[in-house]
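Participant: The residues making up each chain are set out below.
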Amino acid sequence: MAMTSSDRTMRGAAAIVGVADAASPTGVLDLHGRALEAAMVRAALDDAGLTLDDVDGVCHTNSSMQLAEYLGIHPNFTDSTNTGGSSFEVHAEHAAAAINAGVCDVVVSVYAATPRGDRGRGTARPRPQPQGEDPRAEWEAPYGLRMPMGPYALAASRHMAMYGTTSEHLAQIAVSTREWAARNPSARYRDPLTIDDVLASPMQSSPLHLLDCCLVTDGAGAFVMTSAERARSLAKPPVYVLGAGTCHDHLMITQMPDLATTPGVQSGQAAFSMAGVTPAQVDVLEAYDSFTITALLHLEDLGFCPKGEGGPYVMDGKLGPGGSLPTNTNGGGLSYTHPGMYGMFLIVEAVRQLRGEGGDRQVPGAEIAVAHGSGMVLSCMSTLVLGTEATL
Amino acid sequence: MTEDATPTVKRFEPPIGTASAPFWEATRDKRLLLPWCTACERPLWYPREVCPRCLDSAIEWREASGRGRVYAVTVDYKPQNPALAALGPYAVVLVELDEGVRLLGNMVGGDPEEVAVGMAVAVTWEPLSDGHHLVQFERAEP
Numbered sequence: 000m001a002m003t004s005s006d007r008t009m010r011g012a013a014a015i016v017g018v019a020d021a022a023s024p025t026g027v028l029d030l031h032g033r034a035l036e037a038a039m040v041r042a043a044l045d046d047a048g049l050t051l052d053d054v055d056g057v058c059h060t061n062s063s064m065q066l067a068e069y070l071g072i073h074p075n076f077t078d079s080t081n082t083g084g085s086s087f088e089v090h091a092e093h094a095a096a097a098i099n100a101g102v103c104d105v106v107v108s109v110y111a112a113t114p115r116g117d118r119g120r121g122t123a124r125p126r127p128q129p130q131g132e133d134p135r136a137e138w139e140a141p142y143g144l145r146m147p148m149g150p151y152a153l154a155a156s157r158h159m160a161m162y163g164t165t166s167e168h169l170a171q172i173a174v175s176t177r178e179w180a181a182r183n184p185s186a187r188y189r190d191p192l193t194i195d196d197v198l199a200s201p202m203q204s205s206p207l208h209l210l211d212c213c214l215v216t217d218g219a220g221a222f223v224m225t226s227a228e229r230a231r232s233l234a235k236p237p238v239y240v241l242g243a244g245t246c247h248d249h250l251m252i253t254q255m256p257d258l259a260t261t262p263g264v265q266s267g268q269a270a271f272s273m274a275g276v277t278p279a280q281v282d283v284l285e286a287y288d289s290f291t292i293t294a295l296l297h298l299e300d301l302g303f304c305p306k307g308e309g310g311p312y313v314m315d316g317k318l319g320p321g322g323s324l325p326t327n328t329n330g331g332g333l334s335y336t337h338p339g340m341y342g343m344f345l346i347v348e349a350v351r352q353l354r355g356e357g358g359d360r361q362v363p364g365a366e367i368a369v370a371h372g373s374g375m376v377l378s379c380m381s382t383l384v385l386g387t388e389a390t391l
Numbered sequence: 000m001t002e003d004a005t006p007t008v009k010r011f012e013p014p015i016g017t018a019s020a021p022f023w024e025a026t027r028d029k030r031l032l033l034p035w036c037t038a039c040e041r042p043l044w045y046p047r048e049v050c051p052r053c054l055d056s057a058i059e060w061r062e063a064s065g066r067g068r069v070y071a072v073t074v075d076y077k078p079q080n081p082a083l084a085a086l087g088p089y090a091v092v093l094v095e096l097d098e099g100v101r102l103l104g105n106m107v108g109g110d111p112e113e114v115a116v117g118m119a120v121a122v123t124w125e126p127l128s129d130g131h132h133l134v135q136f137e138r139a140e141p
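Protein chains in written order, with numbering that gives the first Met the number 0: chain A, 0 to 391; chain B, 0 to 141.
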């Protein structure tokens, strides 16, 4: 649902003032669990020049209550929303709304997952099979659809059949993303990649090859958000929330209305409308790349190119360094890190780019960035339009 | 009782939901029933206690054509379920039935890599251990 200008009361009212993330070229982190989360909270607060005493709002995908208890804080705003990988964009949207409404002043969202380290510790848990009166158990699980890539493979097959998208188109996204990872010393994979490399990698769930799929790595991150007013007195240049929007249109892939179109259409329209920004004005795009097809769908559904034209659109390398639409500038879920719910890293990287902290991968003069999260199986999209002081 | 052969592949067998009991009961006779909302005069899928369009509970079970077309397809090369590994690469298809609803299934028979979006298919049945049958699909004449 498109918003009107009178709905823009939240524009610029809140700002991200602290970020932190952790990932390793080995794919493994030393810390795990709450200790890793606490380290991220501390690093993000340090980044902002704030302390735990300032925090009166917490977000966590499992239990914001358990997190707050562990940290020993008594928040007024609490949010345990879990929409999968887009959870942190949703947290940011909720936090900005709550700050704008005066419900709270300083909100922290934190995430940590260590699937690789857990294997070494013997604490890795198998993906749970749906049980009981769960429609997934009744209508999907018997058919051996591989999770999570199976649903994305179905979407890719539909997109290819409808629009002529090819495996080469999808591979180009992995290639451009790897070019960014080469500039990120924390990235899991940094060696150059070619389209042929992607096509020669083992088929997982057709048409998706191994190198069309995101990594499985340890990773963690946090962000701190406060009011625009307070943000201006803190350590780093504020990154303002100009617009935010969320939409989900299914949970099971078999219930998705159109497998070639995500609810990013709605979340994107809402966020861009609130921000008063068009896709053409976006300097940096951080768009969840759980699979190459995921990123391609975002380009179309957010309006960077028309529906069905995502394949040809990416072939000139515009997503990579020096391209016209720098996308997933940290190397993305495909080459940087992917602990399971990658949305936190979209926000962290967008903030770093808008602060000019991108190092070798900095996009010169970046003023407007989009962090677009995708949760579950293309189910819940959440879009943040972020900007520097100059964009207010 | 059924005279079907014991399935050679042990699947994850679906739990029977309260809203879908008539569907599963009909599968004992290899009949495909779809729930229809009599207020909207449209089928709904998956089965629910109420219509997801109007929330009316006037659901009626009607026999379906059992025919449709492949809406999307993937071939799984590395089955997660060890029980399915014996199948080798297998096709998972999302089929749009002529009635307009989409059901997931596997393609039975033929080369999984030849299954394509738009292909005409018909329902076939795979026996489950409790006498119910699982919806599957096979290639049909267009």
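Rather than coming from a laboratory, the hints here were simulated on the basis of the structure.
Note that CB positions come from ideal geometry on N, CA and C, so glycine has one too.
Be aware that a few hints might be false.
As the list claims (entries may be wrong) - Computed Cβ-Cβ distance ranges for the label pairs, DEER-style: (1) 125/A - 129/B: 52 to 62 Å; (2) 184/A - 17/B: 22 to 32 Å; (3) 108/B - 184/A: 47 to 57 Å; (4) 64/B - 191/A: 35 to 45 Å; (5) 82/B - 119/A: 26 to 36 Å; (6) 112/B - 356/A: 45 to 55 Å; (7) 82/B - 356/A: 47 to 57 Å; (8) 82/B - 120/A: 24 to 34 Å; (9) 323/A - 56/B: 29 to 39 Å; (10) 14/B - 363/A: 40 to 50 Å; (11) 130/B - 64/A: 16 to 26 Å; (12) 61/B - 185/A: 56 to 66 Å; (13) 82/B - 308/A: 40 to 50 Å.
Participant: All the hints need checking, so say for each whether the structure fits it.
Facilitator: Results for each hint:
no. : hint                      : in the structure
1   : 125/A - 129/B: 52 to 62 Å : violated, 25 Å
2   : 184/A - 17/B: 22 to 32 Å  : violated, 55 Å
3   : 108/B - 184/A: 47 to 57 Å : holds, 52 Å
4   : 64/B - 191/A: 35 to 45 Å  : violated, 52 Å
5   : 82/B - 119/A: 26 to 36 Å  : holds, 28 Å
6   : 112/B - 356/A: 45 to 55 Å : holds, 47 Å
7   : 82/B - 356/A: 47 to 57 Å  : holds, 50 Å
8   : 82/B - 120/A: 24 to 34 Å  : holds, 28 Å
9   : 323/A - 56/B: 29 to 39 Å  : violated, 54 Å
10  : 14/B - 363/A: 40 to 50 Å  : violated, 56 Å
11  : 130/B - 64/A: 16 to 26 Å  : violated, 46 Å
12  : 61/B - 185/A: 56 to 66 Å  : holds, 57 Å
13  : 82/B - 308/A: 40 to 50 Å  : holds, 42 Å
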